[in-house]
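*Asks:* Letter by letter, the chains look like this.
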Amino acid sequence: MITAECINCSACELECPVRAIEPGPSKYLIDPDVCIDCEGYFPEARCKWACPVDACVPERTDYLAKDGIIANRGSGPLVVTLDNPHGTKLTA
Amino acid sequence: MAARLAGAEKVVILERSDGLLGTGLVGGIMRNNGRHTATEEMIALGCGQLFQVCDSVARHSNFELPGHKHAALYDVAKIEPAVRRCLLEHGIEIWLFSRVTGIDRSNGSIAGIKLESGATVEGDVFVDATGTVGAQSFCTDHGNGCVMCIVRCPTFGPRVSLTALAGIAERQGKRKDGSIGAVSGSCKLNKDTIAPHIVDELDRTGKAIIPMPEHLIHTNKLGTKACQQYALKEYAENVILLDTGQVKLMTSFVPLHELRQVPGLEEVRYEDPYSGTVGNSIRYAALSPRDDAMQVQGGVDNLFCGGEKAGLLVGHTEAMVTGALGGHNAVRAMAGRETLVLPDTLAVGDAITNVRESMDTEEGLMQKYTFSGSVYFQRMKAKGLYTTDNSAIAKRVADADLTNVFQQAVV
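Sequences listed follow chains Z and C, in order. According to my numbering, the first sequence is numbered sequentially starting from 315. According to my numbering, the second sequence is numbered sequentially starting from 6.
Bound conformation, chain C alone (with noise of 0.2 Å):
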């Protein structure tokens, strides 16, 4: 989106699997503290497009849960659709079943990509969204084995990183006893299988808490998550559930059968990742080094990368901030122009930089960083970033003389 609002004269998606979005397929919850103000910078920034596709298809918003005010929920089933047809009217051409598996070089650039068919696509530059997540080997070296999540690599194949064809040494966020990777967070129950009473408390509020009976509360569970946001008490000690048209459930990998001693949830069924019981995929073990202009760093001059491949940021919101960098910048180093870096006067600016110095630390590595909670949410509120007032955010913009420069033709 962003390269096409830069002047590329084409943009190709090239995705794995049968659909867009990977995990965004069961996720679902933005605009919660600070990612509301990341959210409104990059509207005012000229991309707020893909914000503004999630707000249309808003179950809930201006909500609260425990530690987060007011957030949004999209409808996990909507959100692909949607998002798929405002690429689609941008221009962009979206290549399915295309699994990226080698690459060509020439001269110290990628002058191809070469798919699983054989096929190879030629372009100028390109940007690693390959994510962090599987194959199925690592989900069994570091976790519990494959758990049939969403990204589902043993139909479409598992991902291939870009940054790593290159010949580029790609680093891993660490758990806090030093082992590889994270668990993802995200679980999804079956709605059909919930009490009507519940079901009917999510349609009309989009959440329900319910106590955990006391002998199921397993708070040492918390730092296990990649979502350090959520990493609160609260969601021990009660059985939070999220409206996003599936049931999303905030404590993670509840086995089946402590799930159904839950008042409520006596017939419950994971939807996603089937498995859940036994625990989720593993990622943020393939992190690309990267400048703060999203530009790959080393073996080759014209790679970039945006959502997990950009760092420990946990979200679609910082996916899409990362991402969007990275494409407009792929843009601009094509046009042989100066990238752009956003200043840390900005949220959006200041997690891109903090994220990578804080990377360049052992215990930077164990953490997760998110607009959202945890650490650089408490960053924002000491650095007076945070903020709900949208003119403010917008004079932010407008004073880093940054207004609408997404939708600035480079080229």
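With the rest of the complex left out, here is chain Z (with noise of 0.2 Å):
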């Protein structure tokens, strides 16, 4: 997948050797059933290595382990009420 850190800059879609990726309303995005992970063309995903800011994540464990590094970002809501002002963390 392609993460909302994408610029547009389209290098992912120069670079993918079957053309699976596309503009989207907001971000490039990657059609699963066309992605072949590269396999026979390039030792890693193409996209990946083509990315100027790292938001090319083909794997699904990638993208989880960036979720990690990005602070807050896709990992569960901070649910804020009167009782609780700081909030309460919801793992999902």
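Among the hints, erroneous ones may be present.
Simulated crosslink set (BS3-like; lysine-lysine; CA at most 30 Å straight-line) [what the hints assert, rightly or not]:
#1 C/Lys238 / C/Lys400
#2 C/Lys179 / Z/Lys341
#3 C/Lys388 / C/Lys238
#4 C/Lys74 / C/Lys400
#5 Z/Lys362 / Z/Lys341
#6 C/Lys196 / C/Lys74
#7 Z/Lys341 / C/Lys119
#8 C/Lys181 / C/Lys74
#9 C/Lys212 / C/Lys119
#10 C/Lys181 / C/Lys238
#11 C/Lys83 / Z/Lys403
#12 C/Lys212 / Z/Lys403
#13 C/Lys238 / C/Lys179
#14 Z/Lys341 / C/Lys181
#15 C/Lys400 / C/Lys388
#16 C/Lys212 / C/Lys196
#17 C/Lys119 / C/Lys15
#18 Z/Lys362 / C/Lys388
#19 Z/Lys403 / C/Lys179
Treat the hints as calculated values from the structure; they're not laboratory data. Nothing here was measured: the structure is a model prediction, and the numbers come from that model.
Could you use the hints to bring the two separately framed chains together as a complex?
*Replies:* This is the structure we're talking about:
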């Protein structure tokens, strides 16, 4: 997948060997039915190699790891109430 | 707030970022011109709480600037905690870091909202207050790129429209040249980088007006900004600064090298957006089609809207008015009650209807509407709706049999 860090530079689209990537409404999107993780073409995913802002993270496990690095992005809501003004982090 | 007052058992605000208010964090001008009338109407209608919060953190009240009377400026640093406290005290839950990325449908309704984290939040009714600013790609396509504004798309993720997720076609505001959206007009300067005598004047009076050096006057730029109520020649011929805690620059996106040629601003720096030199965010390109009860039309039967989603209305006052009506009517719809449409004997009712009708025309899509100036304030005056007589405003609301209507539980 391509995360919201995407700056719409088109580098991934141009590099993709199987044309799996197209511009979406707010960022580029990888078509998972076309993407083959660059097997047989390159040793690592070419979009990940080309992306200048590390927005292309083809493997889901990589994406989850990235969530841990970008604090609070995609990692569950912080619920704030009157009795709990500093909030409680939900896991999902 | 209005949904809770109407008797909703549980109200949850899903906020994409680490705090509420979005562009309200860099705004601040309240009660100028017809906004005073609208504010007092909302107080009489029983939904004045947020307006009173703004009043409570005002740095300056009842002052004049060119073309604008009896303005108040809230402190942009104090407004978010004050609003948050008010909402929490009314029993509302605030979910931060909760970017909406999808919906679940069921029989022509929205059954739940999916968050970026994968969580689903179920609900009976929903209010789309996702605004119209961003994402970065939009500011790149229709503006000068991401200017690093308060919306902070790169870190918290771009807004995703609930209306669009429901498959409902949105409308787009236009600029005079036919291009899409409008450039946000707000700019903030760092107070510490301004000459002390100007800061003194700002702290004392709330404003500073410095003549723009002749060679830097660009009156043609006035037409490009979203806030048409400030598209007056005084705002091109002078650098007009307002004290909102930081310093609000009313002449938009002056390149830094030009701004530093203005006496007293020799070492000035932009505070918001960081790239104010080249412009600001692009907005008004994702407007929900709605009726006068703020119900979004088409596709689903339990979606309402407020704020910029509701039309080409600029300003916090305008967002509070449309958001309050959207929240109130969401609860009415949930309870199977008839929705409330505010009458045209009130400025707030007339504006909601007039803006919806105007947006049906090509020309209307090129305008912006506000109680504080431009075409809608002219209409307010022509219809005799503009007044600063608070008792007359209360009577007007009483005559419509709507005193404290927002305080009455409908479930």
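*Asks:* Would you mind marking each hint as holding or not holding in the structure?
*Replies:* Hint check results:
For the given pair, C/Lys238 sits about 37 Å from C/Lys400 by alpha-carbon distance, which is inconsistent with the 30 Å threshold. Between C/Lys179 and Z/Lys341, the direct Cα distance comes to roughly 23 Å. Compliance with the 30 Å bound is thereby established for this hinted pair. Taking the CA atoms of C/Lys388 and C/Lys238, the gap is near 26 Å; set against the 30 Å cutoff, the hint holds. Simply put, C/Lys74 and C/Lys400 have alpha-carbon atoms about 23 Å apart, close enough for the 30 Å limit, and the pair holds.
Our distance criterion of 30 Å between C-alpha atoms is met by Z/Lys362 and Z/Lys341, whose separation comes to about 15 Å. Between C/Lys196 and C/Lys74, the direct Cα distance comes to roughly 24 Å. Compliance with the 30 Å bound is thereby established for this hinted pair. Pair hint Z/Lys341 plus C/Lys119 holds up; C-alpha atoms about 19 Å apart against a cutoff of 30 Å. A threshold of 30 Å between alpha carbons decides the hint, and for C/Lys181 with C/Lys74 the separation of about 28 Å falls inside it, so the pair holds.
The suggested pairing of C/Lys212 with C/Lys119 is violated, with an alpha-carbon distance near 45 Å, which exceeds 30 Å. A C-alpha spacing of about 18 Å is found between C/Lys181 and C/Lys238, which places the hinted pair at or below 30 Å, so the restraint holds. Pair hint C/Lys83 plus Z/Lys403 holds up; C-alpha atoms about 25 Å apart against a cutoff of 30 Å. Straight-line distance between C-alpha atoms of C/Lys212 and Z/Lys403 comes to about 42 Å, which puts the hinted pair past the 30 Å bound.
Between C/Lys238 and C/Lys179, the direct Cα distance comes to roughly 22 Å. Compliance with the 30 Å bound is thereby established for this hinted pair. Taking the CA atoms of Z/Lys341 and C/Lys181, the gap is near 28 Å; set against the 30 Å cutoff, the hint holds. Taking the CA atoms of C/Lys400 and C/Lys388, the gap is about 17 Å. The hint holds against a cut of 30 Å. In summary, the hint linking C/Lys212 to C/Lys196 is supported, as the alpha carbons are separated by about 13 Å, within the 30 Å threshold.
For the hint pairing C/Lys119 with C/Lys15, the CA-to-CA distance comes to about 18 Å; that is within 30 Å, so the pair holds. With a C-alpha separation of about 60 Å, the suggested pairing of Z/Lys362 with C/Lys388 is violated against the 30 Å cut-off. Between Z/Lys403 and C/Lys179, the direct Cα distance comes to roughly 41 Å. Violation of the 30 Å bound is thereby established for this hinted pair.
Violated hints for the displayed structure, listed by number in ascending order: 1, 9, 12, 18 and 19.
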